Amino acid sequence: MRKFYVAVCAVILSLSGMVSAQDLTQGKISGNLQLDAQVYRPDSAIGAFEVSERMLMNSFANIHYSLGSFNAGLRFESYLNPIQGFDKRYKGTGVPFWFASWEKESFAITVGHFYEQFGSGMALRSYEERNLGYDNAIKGARVIFRPYQGIVLKALIGNQRFFWESGPGIVRGIDGDFALNDIFKETTGLPRVTIGGSFVSKFEPSSQILVGENGDELLILPENVAAMSGRVNVNHKGFNVEGEYVYKYNDPSAVNNFIYKNGQSLLVQASYSTKGLGVILSGKVTDNMSFKSKRTEKGNVLDINYLPALTRQHAYTLSAMYPYATQPNGEFAIQSQVNYKIPKGSMLGGKYGIDIAVNFSRITELSRKPVNATTPIGEGGTLGYKTDFFKMSDSPYFQDFNIELQHKFNSDFKALVSWVNLKYNIDVIEGHTGDPMVNANILILDATYKFSKMNAVKGEFQHLSTKQDKGNWVQGMLEFTFAPTWFVTVVDQYNYGNDDKDRRFHFPTVAVGYTQNSNRLQIGYGKQREGIICVGGVCRNVPASNGLTITLTSSF
Amino acid sequence: MKKTYLILLLSVLMVSVSYAQESAGGNKKLPSVTVKSLDGQAINTSELNNGGKPMIISFWALWCKPCINELTTIADVYDDWTTETGVKLVAVSIDDARSTAKVAPTVNAKGWDYQVLLDANGDFKRAMNVNMIPHTFLVNGNGEIVWQHTSFSEGSELELIEMVRKLNAGQPLQ
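Heads up: the sequence lines are chains A and B, in that order.
Counting the first sequence from 1 gives a position; this note's numbering is that position plus 130.
Counting the second sequence from 1 gives a position; this note's numbering is that position plus 1069.
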């Protein structure tokens, strides 16, 4: 650790020494800050329990320095204490992210912490999602080598972030990306083809894991676990076809109940688009693809890879109430979407046209069979199960059919209407064992009226109807915006359909925001329903709360 | 001991910065990050340019309603903006692997004429210090960031085009 700091200081000092004072004036500093604070009032009726600190706060600030092709930066984070819904292990203050990087001819080198994605991320993806508290940054070194036009080779090694420490496993990876049209000249008129592949390996020292009926069988664990992937992307005129296949060697872990089955995942997407029309069809089969750098970890930390959920990310509160999260142990997913614009000027389309989007996705369990007559499916210490990779089972995890229409009637008024039909296996997805599948229908109406050049009012009406879980919900929102500076929002969510009359709660909130260029301050007060917030397929549970919320963000 | 080295590191950075503060230019240039175009080509962000004319860079995502709002509102007046000021808009999508493949069909169906880039792992977003989207930057003919704004409400686009006009006229933007 000490050697690292000395090395970085030496690099900076030598660079400062090497360049003249005139060159140094070209160095630039930039950064950003975000602060989220909540003041909690106990409200046992909605399940908002007492918070002993009364106020909880998350904050982070990035500082970035760049001089020519040299960059260095750090992130300061402070959770005093982490707001509800964030892992309590974030408690404290420190600098968990720092790096230095430079480019010299065909090499780009980064030391310290960095984020990286190979292909679609199914073999390796290290990324951050600050609003979820998700951060699996790799701390070590990465080299990107571009020996020839169209060829990008990457190599990295490091440990992963684990709150204020590093995980026990070492992650190593190499990736090659070959844009054939850039490598071989004279390809005008031909499709654009890119192929790539990666090899990722983790090392974690063995540990004592006991399985079996009497809990006395000691497992022989693989210390090195590798995953390999291959991908291809073909693009021609309006067509795009891409596929990636990942194969992972045996990786017994807490997530898969310590089975020795290998894992695989295949993702294929095909799309066609032209002006006014876009069509896409995707399919993904995943089997036993959880890949962490700590085999006993079950939380949203230390993931080496990322398994994208092939579902539409809904942007409205009630349509996002039952969000899907990828099941790493296995799933079969298909999704299709059609985007169409009824042309401007046509009889139906009016002056501005009508945007139509139709989307359908369905995800089921993989069809599994036992390995032999005496071993139950998924038993620890065994090969787990067998699967016909390309067979969907009848047991659905999730199904979503939705239609959305948007139309601008005139320069002052526009509206959106959307209908969503959901089937949500709340037992598997949220762990509510024994609860029936939630069938929900959601209707959204969203209209905006500009009453002057810089001022507008937006109204939203949302309704969710279901006979399961908490029953029907209705939500109304009114938002006044005074561009580009102020906004005021009033919203209420009402669970009027709850079977239990005493639990038909209102969740009202009022919020005010002030924006000045890249600074923004938002203050809200009210009740927030217990639920799930998802960003990018990773979700976190937010408990019910009542009180004041302050968010400040700034970039310079 | 660790804290001492950290302070030393920060002070070295501060010293280097104090030189930077004296520079006349003071504007940050576009960082050098690799992103992808909609047809799969690798693009280096430091090479983004509009032939010496102003450029708007807007970060958005399919799931971000105000972002789609902003880009749709500008799309309705984009031809007028381009004719009057020569400005070009580059729309950078931060959709990750979950939705990256949906960006092209959605954008083409909407008929947007922007240059759309895919920043699937957020490298460009991080290098530009973007926290919340929509976050929009105005870049001058020399590739320097001269103005930025976060969030969008009806009418904000009028402030944006006003900044482009001021930039073209050589007037100060603050």
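Some hints here could point you the wrong way.
What the hints assert, rightly or not - Within a straight-line C-alpha distance of at most 30 Å, the following computed DSBU-like cross-link-like pairs (lysine-lysine) qualify: (1) B:K1098 x A:K538; (2) B:K1179 x A:K218; (3) A:K234 x B:K1105; (4) A:K583 x B:K1105; (5) B:K1134 x B:K1194; (6) B:K1134 x A:K474; (7) A:K367 x B:K1098.
Derived by calculation from the structure, the hints in this document are not laboratory data.
Remember, predicted model here, so these are calculated numbers, not experimental data.
Provide an ascending list of the numbers of those earlier hints which the structure does not satisfy.
Those not satisfied are hints 1, 2, 4 and 7.
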